[in-house]
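Protein chains in written order, with the working numbering: chain A, 1 to 206; chain B, 1 to 206.
Some clues are possibly wrong.
Heads up, the list lumps identical chains together, so a pair's fine if it works in one copy or across two of them.
What the hints assert, rightly or not - Calculated lysine-lysine pairs in the DSSO-like style (CA-CA distance at most 30 Å, straight line):
(1) K50 to K15
(2) K137 to K20
(3) K72 to K180
(4) K72 to K125
(5) K72 to K155
No lab work stands behind these hints, which were simulated from the structure alone.
2 protein chains.
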Amino acid sequence: MVDTLELIVEKVLRKIEEAKYIPIEASARHVHLSQEHVDSLFGKGYELEKIRELSQPGEYLCKERLDIIGPKSVLRNVAILGPVRGSTQVEISRTDSIALGVNAPLRLSGDLEDSETLFISCCRKVIEAGSSTIVAKRHIHMTPEDGIRYGLSDKQIVRVRVHSVRPLVFEDVIIRITEKSRLAIHIDHDEANACGFVEGAMGEII
Amino acid sequence: MVDTLELIVEKVLRKIEEAKYIPIEASARHVHLSQEHVDSLFGKGYELEKIRELSQPGEYLCKERLDIIGPKSVLRNVAILGPVRGSTQVEISRTDSIALGVNAPLRLSGDLEDSETLFISCCRKVIEAGSSTIVAKRHIHMTPEDGIRYGLSDKQIVRVRVHSVRPLVFEDVIIRITEKSRLAIHIDHDEANACGFVEGAMGEII
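Only chain A is shown next, with the shape it has when bound in the complex (with noise of 0.2 Å):
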C-alpha cells in the first residue's frame, strides 16, 4: 500500500517537529584529572580504571574517586572523568561553589584562566589544583551533521525552552560543534532542579 499524499506530508511535519527537540543530560559535579595529577595522588604511571562510558564518545567514568576541599567545606566521593586532560579541571554548581566557599567562575570547559582553586584529596594524599574550577557554562554537543541539520554553527548562541513542572527557557546556550559528539543539552544540576529535570527530558531550540 502506499500513503497518501496527506499521510506522506503529515509524517514530514511531525519528523520536523522531533527534530526540535534536543535530549538534556544534568551534569553532576565531576573531576578531569591531568597525568601529573593521577601520577601524584595514585602513584606514578598510574591509569584510571573506567567503569562506563559516557553520553559523549571517548568520555568515561572512572572507578577512583575525589574529595575536593574548599576553605568552608569538603565535598567527599566526587566522580573522577577520563581520560586524563592536559589540565586538571574540576566542575561544580554555584551551589557547590557556595558550600565550598570559593566563587568558581561561570566558563565553558576548557577556559581555565584565572579559575578557582581547590584542594583535591585521595587515598591520605591532598594536591592544589590551581585555576582547575569552573561553573561549567550549559552548551549543546553536536556533530557537524547535526550542525547542517539544524542550520547551527559552532559557538553560535541559542535558546532552549524546557517544558516541565518548572518550564523555562534558558538563553545563551552556546553550540559546540566537533566530530565525536552525540547530541545533547548539558546543564549543571542546579540548572536541572530550577527547570524541573526528569530522565529523559528533552530542550527545544527556539
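Model the placement of chain B on the given structure of chain A, informed by the hints.
Okay, now just chain B, sitting in the frame of chain A:
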C-alpha cells in the same frame, strides 16, 4: 525652568521602561511553625523572638533556628519565619530535597495536602512535621494597585526574563495579589543559582 515636550516624553518613556522591572528575591530554606509545634519544641506558650523584618510586610526572621531531618541527611541551623501559622510549613529547594532523601512536591505556599513529611529538631526535642514540606513554586507578590499598574490579576501566569551572566526566562510564574505585599519576584536558591542571581537583580515581565 519648564521641561521641553521632548524631555517630558523621554521621562515618561523611561518610567514605563523602569516599571517593567521587578526586584528578585532568592528565598533560602526556611520553616513556618504552628503554635502547637512551637509549644512542643520550645515549651507551652513560647513566643518566637523577632530579629529582622522581611520584605513582605508582617513577616520576620526569628532568632531561634531548627534542624530538619530527612531519611538521608540533616540540614542544620535552618531559619524560622514568623509569625506562627495554622500549619507548619517547611520550604526547601530541590537540591535540599534530594540531599534529605525526600520528594517534596512543587507547590504554592499554603498548598500542603499530601506534601512531604520531615522531622524537625531543636533544644534536644524532635517532632514529626507531617505533610509539611514543599519546594515553593516561583511567584510574584504585588498589591491590588501594582496589579492595576501592570494589568495583571491574582493567579495570572506570566513569564519573567532575567538579564544576567546566565540569562533565562522563567515561565509559569504566578501572580499573588494581596493587600499587604511588597512587589517582589520570589525564587528559590536552585533557581537563583541557575539564573546567575546577584543581590539587587531585577526581572522583566514579558
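Status of each hint after checking the structure:
1. Taking identical chains as interchangeable, the C-alpha atoms of K50 and K15 are never at most 30 Å apart, the minima being 37 Å within one chain and 59 Å between chains.
2. For a Cα distance limit of 30 Å, the shortest separation of K137 from K20 qualifies both inside one copy, at 21 Å, and across copies, at 28 Å.
3. Taking the closest pair of Cα atoms, K72 and K180 never come within 30 Å of each other, the shortest separation being 38 Å inside a single copy and 39 Å across copies.
4. For the identical chains of this complex, K72 and K125 are neighbours both inside a copy (19 Å) and across copies (28 Å), given an alpha-carbon limit of 30 Å.
5. For a Cα distance limit of 30 Å, the shortest separation of K72 from K155 qualifies neither inside one copy, at 35 Å, nor across copies, at 41 Å.
Checked against the numbered hints above, the structure violates hints 1, 3, 5; every other hint is satisfied.
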